[in-house]
Amino acid sequence: MSVSRRGFIIGTATVGGGLWLGLSLRGDAPYPNAREGSFQPNAFLQITPSGEVIFQLPKSEMGQGIQTSLTTLLAEELDYEPADIIIEYAGVHKDFAAAGGSQLTGGSASIAVSWNPLREAGAAARAMLIAAAAGRWGVGVESCSTEPGVVLNSISGEKLGYGALAEEAKDFQHTAFELKEKSAYRWLGKSTPRLDRVAKSTGEARYGMDVQLPGMKTSVVIRPRQFGATLGSFNADTALKANGVEAIFAIHSGVAVVADTYWRARKAARLVDITWLDGPLANLDSEAILALQKTALKNESGHIAMERGDVALQQTRGERLESIYSAPYTHHSPMEPQNATAIVNGDNCEIWAPTQAPDISQAVAAHYTGITRSNIVVHALTLGGAFGRRGYVDFIGEVVAIAQQIPGTAVKLVWSREDDMQHDFYRPATMHGMTATLAENGKIDSWQHRLVSPSIVKGLGVSLASTILPEWVPTEMARAIGRKSGELFAGADPTTAEGAKVAYDIPNFAVEQILQDSGVPIGFWRSVGFSHNCFVAESFVDELAHAADQDPLKFRLAHLENAPRYQAVLKLAAEKSGWGNPRKGHFQGIAVVEPFDSFCAAVVEVSVVGNEYTVERVVNAVDCGFVLNPDIVAAQVESAVIYGLGAAMKPPITISGGAVQQSNFHDAPVLRMNESPVIETYIVQSDEDPTGIGEIGLPAVAPALANALFAATSKRLRKLPLVLG
Amino acid sequence: MFEFTVNDNAYAVDVEPDTPLLWVLRDHLQLLGTKFGCGAGLCGACTVHLDGTATRSCVLPISAVADRRITTIEGLGGEHPVQQSWIDHSVPQCGYCQSGQIMSAVALLDGNPSPSETDIEQGMAGNICRCGTYPRIKAAIQSAAQAEYYSASHTSNETVGDDV
Chain A
1 MSVSRRGFII GTATVGGGLW LGLSLRGDAP YPNAREGSFQ PNAFLQITPS GEVIFQLPKS
61 EMGQGIQTSL TTLLAEELDY EPADIIIEYA GVHKDFAAAG GSQLTGGSAS IAVSWNPLRE
121 AGAAARAMLI AAAAGRWGVG VESCSTEPGV VLNSISGEKL GYGALAEEAK DFQHTAFELK
181 EKSAYRWLGK STPRLDRVAK STGEARYGMD VQLPGMKTSV VIRPRQFGAT LGSFNADTAL
241 KANGVEAIFA IHSGVAVVAD TYWRARKAAR LVDITWLDGP LANLDSEAIL ALQKTALKNE
301 SGHIAMERGD VALQQTRGER LESIYSAPYT HHSPMEPQNA TAIVNGDNCE IWAPTQAPDI
361 SQAVAAHYTG ITRSNIVVHA LTLGGAFGRR GYVDFIGEVV AIAQQIPGTA VKLVWSREDD
421 MQHDFYRPAT MHGMTATLAE NGKIDSWQHR LVSPSIVKGL GVSLASTILP EWVPTEMARA
481 IGRKSGELFA GADPTTAEGA KVAYDIPNFA VEQILQDSGV PIGFWRSVGF SHNCFVAESF
541 VDELAHAADQ DPLKFRLAHL ENAPRYQAVL KLAAEKSGWG NPRKGHFQGI AVVEPFDSFC
601 AAVVEVSVVG NEYTVERVVN AVDCGFVLNP DIVAAQVESA VIYGLGAAMK PPITISGGAV
661 QQSNFHDAPV LRMNESPVIE TYIVQSDEDP TGIGEIGLPA VAPALANALF AATSKRLRKL
721 PLVLG
Chain B
1 MFEFTVNDNA YAVDVEPDTP LLWVLRDHLQ LLGTKFGCGA GLCGACTVHL DGTATRSCVL
61 PISAVADRRI TTIEGLGGEH PVQQSWIDHS VPQCGYCQSG QIMSAVALLD GNPSPSETDI
121 EQGMAGNICR CGTYPRIKAA IQSAAQAEYY SASHTSNETV GDDV
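Heads up: the protein sequence lines correspond to chains A and B, in order. For the first sequence, the residue numbers in the numbering used here are 1 to 725. For the second sequence, the residue numbers in the numbering used here are 1 to 164.
So here's chain B without its partners, still in its complex pose (with noise of 0.2 Å):
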């Protein structure tokens, strides 16, 4: 038996320790919003906050996670700045992939309220976009990091999704 928070909620499931978070969040909790992508760690798809840390879910066994708190694209509430800015620039395609860019970009605006291009580049690099939305959401984390929330000297360590 595994112990852990999601979300704030917490869960106790009884599965092999091996399993990866992801499929504990998918098929375990339902939370569906967290996708599989490559399960090796090489997409960004599955990518939720460990402790406020960007981390690929897929290759994340459920053993690792005990006692630790999680944040998944649900755990945002929605209405978060990034999500707002995504929804601004129209950044969606096909969609699959946009949850993981999502909390990578959180992750990363959360660290570095005012990321440089290449800081954008280099923080996103991990999240494979084969509809090519990359200049969309660039400019959306360029948009949110602009706007008040991320501007007004946000330093906290919490994780962003614990505030909305």
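Chain A on its own, in the form it takes in the complex (with noise of 0.2 Å):
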């Protein structure tokens, strides 16, 4: 049989029942992954002759539990037990990647990005193969129905399961579908348990680190610690005859080291005298990092990021509060130290890997090799946590670079902690001037926020252009679009200014970004701008609450009138937190947030004792539309609540001689169970369309817990992390 799958779903779709839609998706065969007379109606979901459904996940799994979510999302329109779909990682293809063209899996957005085109792809594959029942059974449409994995005749009674339909439903591409009414889902809006709960729990999970390919080899790259400093030389002589070493050579991040086992690949690292030779760097530290923000601060205008009425009025409308905030360079660590594996042989590359960006993977991996990219296969990867960093796939250059001198042969790469630790992109150090006026009725009258940073974005388009623009655009060419596409962002980067434009009501309203490079590697750090900016910004409302002699509570309420989705989690919090009626001996904080679409108030609890602190309580209310799994979620809001306190409490990152100066978990210390505090999370009920939950939880929790040690002890506390004393 000959169907074109090209130009599938050119029906449409009717959301609750009534309207007709245009349809998402516009498939494109061939399709990654795909089996041998499989009905593939389109690039995320096969059925094959056998009854197996397998659905391609067109996002990383990394903790936040996308992998569950989205195969529900399918499962529920396609009407199939969410448990018995077999579950790939999707290859590289463009019906993967979502608005901007790349697939990178970030910004609490993959929800929000599949909920139509998943659904879609379901409900339009349920429709084929009823379609393909009804022709089998000679009865219309209406007289079928489906039950999970199978086709129902209501007349006869028969069923056929998915299977049994597969290869007729290839026959009715163009069948118009509908979506379901909320009311009748099975899986959607429930606790279902997440789908890798069992193999993460016995040790058969099997991430980057755990690749296996016959005569595979170990390699570490010794980089230079000094940012920007380059190989001078190296001697290997007695390196080389170490037990099990293969290979010493030099690759652009530094010298690579291949040997039979990692042990013995690391061992042999040490044996490597190496002259480094040092870069624009050399003398950066933190300190002068911290002058040249002051200085900036001080004397330099920057892009008006948003403005509204004239902040200018307040010089003359009396008594100015005026506060600078500042917040600390922050490693990502995730759990899995960087890695991947590639065998490069020829014109041909396959790379193994623990990536955010299978795409932009396939695009610096052709940037290293020379290898034109659709000669280049991505097997995406389980991360061991990412949290913004695997968007960055410095690794994947590297193990390309060693295996290519190695034709032939899998090689895996194997970051230390300490390489991790040291060449993380950090959450990007910032300082912040605020400034407001209170007008007489105690609202605010104006507010400027005048925000230093470096420019996230910038750095983005050599590797987004190299993965977007078509394969006849030349390297080279891309590259160079790529950059002059960064230099668009020259002046502001709506990345690390994201969060300063609160939603409160404020007549008199700007932000001011002016951007500084120090040259340090930054990036996305889990809610990235929001961070920083909702530190700064519900701290200062906090100031502003006290200077006006009002409850913060009532204070925000007051500024957040036209906003019901803020007033809904700020009261929410607050009613089970019991906001005003501490435990005795506990003081609190609260603080509200809208990342990425979502809204989230936190009430943090504190306990201090001299100049130490215990946080003893989080209170979180949340709202991200309708949520697809109501445990997930509260799982989500656990985590950015204890990876936010982490960052907010415990020693940062800090630069001297142009060098991260901490190495390991002694001396960056993050957060353990023993100073964890108990954390409740509710939900408010939307119907909404659904949006993002992993990054949500963050950015409340540092300002509430500095407005809590407010409470505490009367001392603001304007830098992060947050020490008294």
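Hints in this document: simulated from the structure, not taken from any laboratory. For glycine and all other residues, C-beta sits at the position ideal for the given N, C-alpha and C. Heads up, a few of these hints could be off.
Unchecked claim - Ranges of calculated distance between the beta carbons of each label pair, as one might list FRET restraints:
1) A:P470 x B:E16: 26 to 36 Å
2) A:D347 x B:T5: 23 to 33 Å
3) A:S191 x B:E3: 47 to 57 Å
4) B:M1 x A:W472: 50 to 60 Å
5) B:S63 x A:V609: 20 to 30 Å
6) B:E148 x A:S143: 45 to 55 Å
7) B:A40 x A:Q405: 21 to 31 Å
8) B:E3 x A:K94: 46 to 56 Å
9) B:S63 x A:G161: 52 to 62 Å
10) A:E204 x B:M1: 23 to 33 Å
Each chain sits in its own coordinate frame; assemble them with the hints.
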């Protein structure tokens, strides 16, 4: 049978049983991981002749539960038990790329961007299977319905499994379909158990670190500690004699040591004698960065990212409140250190990698090998954490550069924890100048937020352009276009400024961004700009509430009268936490944020002894639209609270001699169980289209903690991490 | 040549004596459930039992393991009450640290079948989870402690992995 799958789904879907919409799927076969003979109506879904239902998971599972959530989206409309679906990580294909053209998993966007396409993918397939069954039975489709995995004939009572209908379903490519009403959902909206919970409790789950290939070698890279330093010379004579060592050679980032096992490679690396040449950051340290930021805040004017009314008026309107806030460099430190495995052979390259961006991985590999993208196969794997770090795939560039030197041999690259800590893409260090005035009625009359930060977006242009532009665009041209596009953000960066545009009703309001780049590598860190801007804004609004002699909750609500979703989370968090009535010896702080189109309010409760404090309890209220799985939402809020508290409480990353001073969890400690508070999460019921949850619980926690510490001590802490005394 | 027992199987490996047990398990025995997290005994991802005691395998040289009995996550068998409790509580997120968490939890409960909240916090403080699954780990340990298996005066010094 020759049925063209090109241009699949030109039919229409209805939402809520009435409105017919155009479809977001535009199939383009052949699809990655297609099985011989499969019914494959789109890139996401195939049903094999033997009845296996296989889903190509288009996003990276890094702990956020996306494997379960997206599988359930598809399963709900297909009407098939989610736990019985075979899940494979999607290869690189444009159908898997969301708006913006990349397959990057990030920005808490996976649910929002998949909500329509995956429901449609499932519903379209179900409609085709029903049409096939109706055809076989000679009845109208209205006489057919489904139960999980089978089509029912309401006239005869007959049943046909999806597998038995797969071949005939190929003839019904353009069948119209409807999306379910939410009231008909079997799985969505319920706390169905995570699909990966068993494999991750038995040691059977496999990560990038666990890749095993025949004849595989393991490599490590020795990099200069100083950012921007370069290789002068190296002597590997002694190291080459060590047991198991295969080869030692220079690559773009340092010196690679290849051996039969990790330990032998790591030991041999210590025997390599290397001379590094200082680069432009040789004299950079944290104090110098801080001084530059202070100077910029004082002397420079920046890009006006948002302006309403006239903040200059505040010069003439009574007493101004002024505060300077700052946030330091912060590390990601996912539990699985960076790693990847590759085979490069002539014009072909195959990569196995825990990455948040398989398509960017492909483009980066193309750059370092000179191999055309379509000859590079990327196998995305389960991630042992990411938090933004694995959106950067420097380790892919390294592993393909190494593997290309040993053609035809599988080579795994393993970073040590020290490598990971010292060669991260850190949350940028930022400084914030806040000024405001209060009107006679105690409301905020003017607010100015001047932000000194580097640009995250500027550094992304090259890799994104190399990923998104068609393959016929020569590599160097794509990179040049990328550099140019990055320069478009030379004056402003929406990612580092996000969260500064608060929703409070303030007549005169401005956010000004002064970009300043120290040269330290920076990047997306869980909740990105919200993590520093919400700390600043939600602390500062607390300062204003106290200056106005008002309750911090009531003060916020008074400035959010036209923001019902803010009101709802604030009131729910206040109610559940017993706002204003803490346990004896406990003190409360509150904050509310809107990261990535979801809403979160947090009430943090602390106790203080001398200069030591304990976070006792964190109560969160979230609104992320329609909730696909309440238990996963709660888990993600717990996760974000603990990740955010770690950064709010623990020593930061500091720079000396152009290098990161910390090396492992002893000098860059993270939150442990004995320091973790009681965490409660409450969900505002909503019928809005779903938005994200992976990062949503993070930004409110630091300001709510700072506000609680103020309540306890009358000390306003304006610098992260929050240290009393 | 070093001889030792892992999950009741006898092994002999010919490696440098300073090779950490972790890398012998992973690179030589292909027992991949035990994870590399920090290489310095700081995070607990590599936790195994050495003669029943929770031990960081990333800093334990193979020379110190000769003739001793090791239990890894694979040795718990998958239906161990602590693993079942982990599954019931949907503890794992990324999951990478969970083998080490579970091995620490089993050792904790073997030594103290009814731990207080403080006992759990102290017993588990050596295991880092960057996904922040601590509240669920605590709940899972409390549930496991209440389960019949532990509450039935489980006083054996044997590693649990040998029983299943």
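Hints the structure fails to honour:
1, 2, 5
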